[in-house]
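J.: Listed below are the residues making up each chain.
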Amino acid sequence: DTEVTQTPKHLVMGMTNKKSLKCEQHMGHRAMYWYKQKAKKPPELMFVYSYEKLSINESVPSRFSPECPNSSLLNLHLHALQPEDSALYLCASSQDRQGVNSNQPQHFGDGTRLSIL
Amino acid sequence: SQQGEEDPQALSIQEGENATMNCSYKTSINNLQWYRQNSGRGLVHLILIRSNEREKHSGRLRVTLDTSKKSSSLLITASRAADTASYFCATNDKYNTDKLIFGTGTRLQVFP
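These protein sequence lines are chains Y and Z, in that order.
Residue 87 in this note's numbering sits at position 87 of the first sequence, and the numbers go up by one each step.
Residue 174 in this note's numbering sits at position 57 of the second sequence, and the numbers go up by one each step.
Extracted from the complex, chain Y is given alone in its bound form:
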């Protein structure tokens, strides 16, 4: 069992749908991350939140919209996605963002497997 919980585990959506991915952690971590992972590839960073503020956006298309309502929750709002956006979306958290304390691990959820029809 992981300490970072992601819902839903699987999501199938059409290109015109709007959906949201959710991530929750109760470890008191102040940094949270979204990653995208294609099959047999490493995770690619999308966004970093630190103290509920967006600190990194890795030039992600605007059809992905992150939100951090509070220190325990991280959402990823999806709209008008493309078939190439099908992937495993991973959420992670760490005590602080890497730039404050780089010598700390990230804790990952089990991801949401997203399929775009």
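These are computed hints drawn from the structure, not numbers from a lab.
Some hints could be false.
To be verified - Partial list, derived from the structure: chain Y residues whose beta carbon lies under 8 Å from chain Z:
{"hint": "1", "residue": "Pro43"}
{"hint": "2", "residue": "Ile56"}
{"hint": "3", "residue": "Gly109"}
{"hint": "4", "residue": "Asp110"}
{"hint": "5", "residue": "Leu117"}
Stated by the list, open to error - Here are the simulated lysine-lysine pairs, DSS-like style, with alpha carbons at most 25 Å apart:
{"hint": "6", "chain 1": "Y", "residue 1": "Lys9", "chain 2": "Y", "residue 2": "Lys40"}
{"hint": "7", "chain 1": "Y", "residue 1": "Lys40", "chain 2": "Z", "residue 2": "Lys216"}
{"hint": "8", "chain 1": "Z", "residue 1": "Lys186", "chain 2": "Z", "residue 2": "Lys143"}
{"hint": "9", "chain 1": "Z", "residue 1": "Lys187", "chain 2": "Y", "residue 2": "Lys40"}
{"hint": "10", "chain 1": "Z", "residue 1": "Lys187", "chain 2": "Z", "residue 2": "Lys173"}
{"hint": "11", "chain 1": "Y", "residue 1": "Lys41", "chain 2": "Z", "residue 2": "Lys216"}
{"hint": "12", "chain 1": "Z", "residue 1": "Lys187", "chain 2": "Y", "residue 2": "Lys22"}
{"hint": "13", "chain 1": "Z", "residue 1": "Lys143", "chain 2": "Y", "residue 2": "Lys36"}
{"hint": "14", "chain 1": "Y", "residue 1": "Lys53", "chain 2": "Y", "residue 2": "Lys19"}
{"hint": "15", "chain 1": "Y", "residue 1": "Lys41", "chain 2": "Y", "residue 2": "Lys9"}
{"hint": "16", "chain 1": "Y", "residue 1": "Lys38", "chain 2": "Z", "residue 2": "Lys143"}
{"hint": "17", "chain 1": "Y", "residue 1": "Lys36", "chain 2": "Z", "residue 2": "Lys216"}
{"hint": "18", "chain 1": "Y", "residue 1": "Lys22", "chain 2": "Y", "residue 2": "Lys9"}
{"hint": "19", "chain 1": "Y", "residue 1": "Lys22", "chain 2": "Z", "residue 2": "Lys216"}
{"hint": "20", "chain 1": "Y", "residue 1": "Lys9", "chain 2": "Y", "residue 2": "Lys38"}
{"hint": "21", "chain 1": "Z", "residue 1": "Lys186", "chain 2": "Z", "residue 2": "Lys173"}
{"hint": "22", "chain 1": "Y", "residue 1": "Lys41", "chain 2": "Z", "residue 2": "Lys187"}
{"hint": "23", "chain 1": "Z", "residue 1": "Lys216", "chain 2": "Z", "residue 2": "Lys186"}
{"hint": "24", "chain 1": "Y", "residue 1": "Lys38", "chain 2": "Y", "residue 2": "Lys22"}
{"hint": "25", "chain 1": "Y", "residue 1": "Lys38", "chain 2": "Z", "residue 2": "Lys216"}
{"hint": "26", "chain 1": "Y", "residue 1": "Lys41", "chain 2": "Y", "residue 2": "Lys53"}
{"hint": "27", "chain 1": "Z", "residue 1": "Lys143", "chain 2": "Y", "residue 2": "Lys40"}
{"hint": "28", "chain 1": "Y", "residue 1": "Lys53", "chain 2": "Y", "residue 2": "Lys18"}
{"hint": "29", "chain 1": "Z", "residue 1": "Lys216", "chain 2": "Z", "residue 2": "Lys173"}
{"hint": "30", "chain 1": "Z", "residue 1": "Lys187", "chain 2": "Y", "residue 2": "Lys53"}
{"hint": "31", "chain 1": "Y", "residue 1": "Lys9", "chain 2": "Y", "residue 2": "Lys36"}
{"hint": "32", "chain 1": "Y", "residue 1": "Lys22", "chain 2": "Y", "residue 2": "Lys36"}
{"hint": "33", "chain 1": "Z", "residue 1": "Lys216", "chain 2": "Z", "residue 2": "Lys143"}
{"hint": "34", "chain 1": "Y", "residue 1": "Lys22", "chain 2": "Y", "residue 2": "Lys53"}
Just so it is clear, CB atoms sit at the ideal spot from N, CA and C, and this is done for glycine as well.
With the hints as your guide, set chain Z onto chain Y.
T.: Only chain Z this time, still in chain Y's reference frame:
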């Protein structure tokens, strides 16, 4: 690309054998981490080695770091079928410290 390279891409061994995987990276780093990912699951942190350390142990895991060669290795001794997973190294760039940059990964299969 800043992405690190790992080799081998895939490794198949019998239970009880040792597994060694290697990671090379491109930039100056604060630390290097190793993660395991079971099929369909998230990543699990295994071990972190700082740039001023050369070797670190954790249970059956041994990690080495050679900053002059920009390389690291992960050794799993006495492997078990449960060690079957993908293994990724990740570096924390010294000058862009908010990011973890993952290597390409090694897929390890341990046969009982």
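J.: Failing hints, ascending?
T.: Violated: hints 5, 12, 26 and 30.
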